[in-house]
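Peer 1: Sequence:
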Amino acid sequence: MNIFNRLASLVLVLASSLAQAETGVTDKEILIGQFAAISGPAAQLGQRMQLGMQTYFTAVNAQGGVNGRTIKLLTRDDGYEPEKAAAAVKALIHEDKVFALAGSVGTPTGLAALPILSEEQVPLVGLFTGAQALREPFNRQVFHVRASYFDETERIVQHLTTLGIKKIAVFYQNDAYGKAGLEGMVRALTKRQLKPVATGTVERNSVDVAKSLGDILQAEPEVVVQISAYKSCATFIKQARVKGYGGQFFNVSFVGSKALADELGDAGQGVVISQVVPFPYAPNSPIVREYQQRMLDAGQKDFDFSSMEGYLTARVLVEGLRRAGKNLTRETLISGLESMREVNLGGFTVNYSAKDHQGSTFTDLTIIGRGGKFMH
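Under my numbering, the first residue of the sequence shown carries the number 1, and numbering increases by one thereafter.
If you are wondering where the hints come from, they were derived from the structure by calculation, not from laboratory data. Some hints here could point you the wrong way.
[To be verified] Label-pair distances were calculated between CB atoms; the ranges are: (1) Leu-163 with Gln-269: 14 to 22 Å; (2) Pro-115 with Thr-162: 40 to 48 Å; (3) Gly-369 with Glu-95: 20 to 28 Å; (4) Arg-192 with Ser-285: 28 to 36 Å; (5) Lys-355 with Arg-192: 26 to 34 Å; (6) Lys-238 with Thr-26: 34 to 42 Å; (7) Asp-215 with Lys-90: 34 to 42 Å; (8) Asn-61 with Ala-219: 50 to 58 Å; (9) Glu-83 with Lys-355: 39 to 47 Å.
Note that CB positions come from ideal geometry on N, CA and C, so glycine has one too.
Produce the complete structure using the sequences and hints provided.
Peer 2: Below you can see the structure in the form of structure tokens.
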């Protein structure tokens, strides 16, 4: 073989190698994208999710990364609006050239992204939502880290009915998220031959709760279960207290627990919130101790449920990347994640298979105490 043929062969080999290189992956780096609310009324959810993920990625990078590659997180702000989310996902995939996505926030935004993920065959790990519409039908690209809203609402209704409480109203956001939570409440109540005594809605990114407040208080419920974001829920609670309502309020995890407590101030005492991650304030398990230490290492003294969820999301993604091996592709990442059978991360268990990407069914109940501090 003469030198020209050898050079031609070498060019073909190099071209083939380049063609096979996965988008968002180099010898030194893996580019991960996030679309989430970084601005607007739900901003704390996206910001804290981002912080939790970045905290773990920073720790992993300091130890050499994953299989010799560091992880870079690139976040685009969708303001918790579906149209912006779809645009953000397209930009992350086509302009930023990310390898995979992680830590998205919200049901309507997740639903807007789903067709794009399916078409582009880009994996997404960890959606800050428990909506069933993002779990059924099964989507091979999507891996959930948290329990579903059906799991959370079942836990709430089980707790309330065990206490003999039956007059339960539901205040929900008028979109896919709120309706998913309402469906969970109706299912759990129907299972016990009950139904909501009243319902009321609020539009996404709005705090106009006057009509819902009137409709719900007229029914004199013992408990109001809220399925919305923190600003609208806090507004409803404050206005209800002003009108003399003495019943209890329950929320699902998406409300943003710390954000809700901050919004409520002194009015928050006694509000109950269901959770889908371990209690982040007490180092009672290895994963919480690890989370707290890494947050402190990053100069972050404020622990909360949302950054804990971001930390767990990053932890799961990195485990999937490790299992994918040195020859990292989107297919090997999916295979790596699907090989995680009953993996205990130190007090939080994740379970995937080729036919089930639910991840976790863990739920818990917490209550806001004096000074906005959470009790377990």
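Peer 1: If a hint holds in the structure, say so; if it does not, say that too.
Peer 2: Do the hints match the structure? See the list:
The hinted range of 14 to 22 Å is satisfied by Leu-163 and Gln-269, whose Cβ atoms lie roughly 19 Å apart. For the hinted restraint 40 to 48 Å between Pro-115 and Thr-162, the CB-CB distance of approximately 41 Å keeps it satisfied. Distance hint for Gly-369 and Glu-95: a CB-CB separation of about 46 Å, inconsistent with the stated range 20 to 28 Å. Taking 28 to 36 Å as the suggested C-beta distance range, the pair Arg-192 and Ser-285 conforms, at roughly 32 Å.
For Lys-355 and Arg-192, the hinted distance range of 26 to 34 Å is satisfied, since their beta carbons lie about 31 Å from each other. Distance hint for Lys-238 and Thr-26: a CB-CB separation of about 51 Å, inconsistent with the stated range 34 to 42 Å. Hint check: Asp-215 to Lys-90, Cβ distance near 40 Å, so the stated range 34 to 42 Å holds. Here the CB-CB span from Asn-61 to Ala-219 is close to 53 Å, well matched to the stated 50 to 58 Å.
The hinted window of 39 to 47 Å between Glu-83 and Lys-355 is violated, with their beta carbons roughly 32 Å apart.
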